[in-house]
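Model the full assembly from the supplied sequences, consistent with the hints where possible.
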Amino acid sequence: MLEIKNLVVQIEDKRILNGLNLTVNNGEVAAIMGPNGSGKSTLSYVIAGKEDYEVLDGEILLDGENILEMGPDERAAAGVFLAFQYPLEIPGVASMTFLKAAMNAQLKARGESELSTPDFIKRVNAAAAQLEIPKDMLKRALNVGFSGGEKKRMEILQMALLRSSFCILDETDSGLDIDALRIVSEGVNALRSPDRSFLVITHYQRLLNHIVPDTVHVMHSGRIVRSGGKELALELEANGYADYRESEAA
Amino acid sequence: MPAVQETIDQVRLIDVDQYKYGFETEVEMEKSPKGLSEDVIRFISAKKGEPEWMLQWRLDAYKRWQTMQEPNWARVSYDKIDYNEIYYYAAPKNNPAPKSLDEVDPEILRTYEKLGIPLREQEILAGVEPERRVAVDAVFDSVSVATTFKEELKKAGVIFMPISEAIREYPDLVKQYLGTVVPVTDNFFATLNSAVFTDGSFVYVPPGVRCPMELSTYFRINEKNTGQFERTLIIADKGSYVSYLEGCTAPKRDENQLHAAVVELIALDDAEIKYSTVQNWYPGDAQGKGGIYNFVTKRGDCRGKNSVITWTQVETGSAITWKYPSCILRGDNSRGEFYSIAVSNGMQQVDSGTKMIHLGKNTTSRIISKGIAAGRSENTYRGLVSAHRKATGARNFTNCDSLLIGNECGAHTVPYIESKNATAVFEHEATTSKISEDQMFYCQQRGLSDEEATALIVNGFVKDVLQQLPMEFAVEAQKLISISLEGSVG
Ligand SMILES: Nc1ncnc2c1ncn2[C@@H]1O[C@H](COP(=O)(O)OP(=O)(O)OP(=O)(O)O)[C@@H](O)[C@H]1O
Ligand SMILES: [Mg+2]
Numbered sequence: 001m002l003e004i005k006n007l008v009v010q011i012e013d014k015r016i017l018n019g020l021n022l023t024v025n026n027g028e029v030a031a032i033m034g035p036n037g038s039g040k041s042t043l044s045y046v047i048a049g050k051e052d053y054e055v056l057d058g059e060i061l062l063d064g065e066n067i068l069e070m071g072p073d074e075r076a077a078a079g080v081f082l083a084f085q086y087p088l089e090i091p092g093v094a095s096m097t098f099l100k101a102a103m104n105a106q107l108k109a110r111g112e113s114e115l116s117t118p119d120f121i122k123r124v125n126a127a128a129a130q131l132e133i134p135k136d137m138l139k140r141a142l143n144v145g146f147s148g149g150e151k152k153r154m155e156i157l158q159m160a161l162l163r164s165s166f167c168i169l170d171e172t173d174s175g176l177d178i179d180a181l182r183i184v185s186e187g188v189n190a191l192r193s194p195d196r197s198f199l200v201i202t203h204y205q206r207l208l209n210h211i212v213p214d215t216v217h218v219m220h221s222g223r224i225v226r227s228g229g230k231e232l233a234l235e236l237e238a239n240g241y242a243d244y245r246e247s248e249a250a
Numbered sequence: 251m252p253a254v255q256e257t258i259d260q261v262r263l264i265d266v267d268q269y270k271y272g273f274e275t276e277v278e279m280e281k282s283p284k285g286l287s288e289d290v291i292r293f294i295s296a297k298k299g300e301p302e303w304m305l306q307w308r309l310d311a312y313k314r315w316q317t318m319q320e321p322n323w324a325r326v327s328y329d330k331i332d333y334n335e336i337y338y339y340a341a342p343k344n345n346p347a348p349k350s351l352d353e354v355d356p357e358i359l360r361t362y363e364k365l366g367i368p369l370r371e372q373e374i375l376a377g378v379e380p381e382r383r384v385a386v387d388a389v390f391d392s393v394s395v396a397t398t399f400k401e402e403l404k405k406a407g408v409i410f411m412p413i414s415e416a417i418r419e420y421p422d423l424v425k426q427y428l429g430t431v432v433p434v435t436d437n438f439f440a441t442l443n444s445a446v447f448t449d450g451s452f453v454y455v456p457p458g459v460r461c462p463m464e465l466s467t468y469f470r471i472n473e474k475n476t477g478q479f480e481r482t483l484i485i486a487d488k489g490s491y492v493s494y495l496e497g498c499t500a501p502k503r504d505e506n507q508l509h510a511a512v513v514e515l516i517a518l519d520d521a522e523i524k525y526s527t528v529q530n531w532y533p534g535d536a537q538g539k540g541g542i543y544n545f546v547t548k549r550g551d552c553r554g555k556n557s558v559i560t561w562t563q564v565e566t567g568s569a570i571t572w573k574y575p576s577c578i579l580r581g582d583n584s585r586g587e588f589y590s591i592a593v594s595n596g597m598q599q600v601d602s603g604t605k606m607i608h609l610g611k612n613t614t615s616r617i618i619s620k621g622i623a624a625g626r627s628e629n630t631y632r633g634l635v636s637a638h639r640k641a642t643g644a645r646n647f648t649n650c651d652s653l654l655i656g657n658e659c660g661a662h663t664v665p666y667i668e669s670k671n672a673t674a675v676f677e678h679e680a681t682t683s684k685i686s687e688d689q690m691f692y693c694q695q696r697g698l699s700d701e702e703a704t705a706l707i708v709n710g711f712v713k714d715v716l717q718q719l720p721m722e723f724a725v726e727a728q729k730l731i732s733i734s735l736e737g738s739v740g
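Residue numbers (our numbering), protein chains in the order written: chain A, 1 to 250; chain B, 251 to 740.
You may find that some hints are simply not true.
[Claimed, not checked] With a cut-off of at most 30 Å between alpha-carbon atoms, the simulated BS3-like pairs for lysine-lysine come out as follows:
id: 1; chain 1: B; residue 1: 713; chain 2: B; residue 2: 684
id: 2; chain 1: B; residue 1: 405; chain 2: B; residue 2: 281
id: 3; chain 1: B; residue 1: 713; chain 2: A; residue 2: 151
id: 4; chain 1: A; residue 1: 100; chain 2: B; residue 2: 729
id: 5; chain 1: B; residue 1: 611; chain 2: B; residue 2: 425
id: 6; chain 1: A; residue 1: 135; chain 2: B; residue 2: 713
id: 7; chain 1: B; residue 1: 713; chain 2: A; residue 2: 100
id: 8; chain 1: A; residue 1: 14; chain 2: B; residue 2: 684
id: 9; chain 1: B; residue 1: 640; chain 2: B; residue 2: 488
id: 10; chain 1: B; residue 1: 488; chain 2: B; residue 2: 405
id: 11; chain 1: B; residue 1: 640; chain 2: B; residue 2: 555
id: 12; chain 1: B; residue 1: 605; chain 2: B; residue 2: 684
id: 13; chain 1: A; residue 1: 100; chain 2: A; residue 2: 151
id: 14; chain 1: B; residue 1: 684; chain 2: A; residue 2: 151
id: 15; chain 1: A; residue 1: 122; chain 2: B; residue 2: 713
id: 16; chain 1: B; residue 1: 713; chain 2: A; residue 2: 139
id: 17; chain 1: A; residue 1: 108; chain 2: B; residue 2: 684
id: 18; chain 1: A; residue 1: 108; chain 2: B; residue 2: 729
id: 19; chain 1: B; residue 1: 729; chain 2: A; residue 2: 135
id: 20; chain 1: A; residue 1: 122; chain 2: A; residue 2: 135
id: 21; chain 1: B; residue 1: 729; chain 2: A; residue 2: 122
Calculated from the structure, these hints are not laboratory results.
Have a look at this one:
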């Protein structure tokens, strides 16, 4: 379970999150929607522990434990996974090598023993097949020269392999073609389980047709300004954010 | 830039403690008198049981050296070296040279074991696949203490022995080739080496022979105030092939130590020599105290047509590195290659690169250089590509990439290109990059620590060169690079 209480964050003297409150229960899929620049990616970075952000107030509890003092790698080991809006390229490092390094690092951090190479390859091949990622892509340097959609698929592959308990998807649907959207959504749905929760950041209802959320939150100016069920997304799709902008002005 | 800042801090912590080869071995040593004189040279020559012509060669070099000036064009700075404060010869006491491993001082054997270098042939045979065998020559200060697989190599006709032994046993071969690639008068340090060289390896591969195993020499400077001046001479006769590896380590010491080696390679018609180095001399501490001055002249002569010489180097050690393994492409259609990874950290200074001298027709060369600078180090690539008037159809491709870790280090690229033949085609590419904070965060988000993330990104950066190394060395080199850049001892 993730609980965010009164989170206030700034970067370079600019307030981006303004007392944000959010709870995501175990097994829940929560969607966040909100206009450009409202602070969605910032929220995901702050949960994952990116250092540029200054947390002025509030706390983030993962299963009751405050993770704000933890480094990003420790948070990853504790179960936080972020599928990036813009995945990074790592030249010269084969995707396979990267996956192995990441999986073993997390196993090590949890005090478990490393995977044997055959076990590792078996797992990767199974997960890659499900996401229809061709094997030769795994031999290429991570994300280097990958198309936008391929990068997003690679993020979900990592998510599947790392078996994290709290997964954030930051606009994973952008850049995906119609088939890829379905494949990726199926991949995410296959990971849904009572002990894993998701925070799905998106601009479009169409993703939520595939990954049906339990809750939908509207973010505006660094705050959650409204929460509801999956029907809230449909309402937003129809009306946009005009209402919220007015309430902001008022 | 907090994430990168942390990496810099990590890197800063790395000093002597990271250098796991810094131990000292206690063995009784015999040394020459301190300093350099004709007498000292006679002493060395006598110790080695050399013929008169060799002594004369050394004395001529010494005379010449006295008239020479230490070069200062490299982008390195250091206190003046007092050549009379150095011991030019130091050897473990139980000379004459041991005939078998059982006669070698057990302390020395333990040293090599600690360094992870197997000298006992049985052990190598027991544990490793036959085709992976490596014949080792171990040089401890000024003498070779053990050479493995000698008999087996002899069967193949390959001569692999300490050069001091070769001077006695194969004087004609040595006389024919010694100093023909790096002339006695070549440069200050090479001339000094010619006067005082102590040991090193000699390799001769007869015509048409593919050397049945990797040859390898491990150099260890152990004694205090001692210079190491090794001399290596490798001759690949017509149509032969040999792959040679060299590794080097030294104890941690507060004072600087001089290493001035000369390596000469000669490839005759259709022959190929691969020469790989993993240089890990003690780099000095974080403040720049101590460490090896590595002033080395390495040159290969593609003397015959269709010959190939490949230099591959992984340089992580030494306080100062001044080193330009080069190829003279004399034979028509000959090829020279240079693959280099130079890592500098702390206060290290590296000025390294290569020279590709195209003399013959249709000669080709390829240079791939990866410089990684961290801490407050300075890392310079200096390279010359030249085409002689007669070098019709000469081609070169050069790629120099630098990676900076932190804000206090420097990377420099100094390419010289000279072409006297209009048909020559030289290409040069260069990039300088930094490990980005976003890349670091991405890796850490996947669970990698700061150090693991840096190592992974750096390994990606050097991959093209690592691939050139023989398997065993590639793994070792990869570990070494991680150790020199991070807080973790592999
Ligand atoms: N380093 C920075 N310096 C200054 N402002 C920043 C910085 N990083 C982000 N911001 C600002 O913070 C605000 C929130 O950005 P964020 O990326 O979180 O928005 P978002 O909700 O994810 O938008 P989008 O829907 O376009 O992805 C934006 O106004 C952005 O310009
Ligand atoms: Mg965003």
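**Study point:** Index of numbered hints that the structure contradicts, given in increasing order
**Key:** 2
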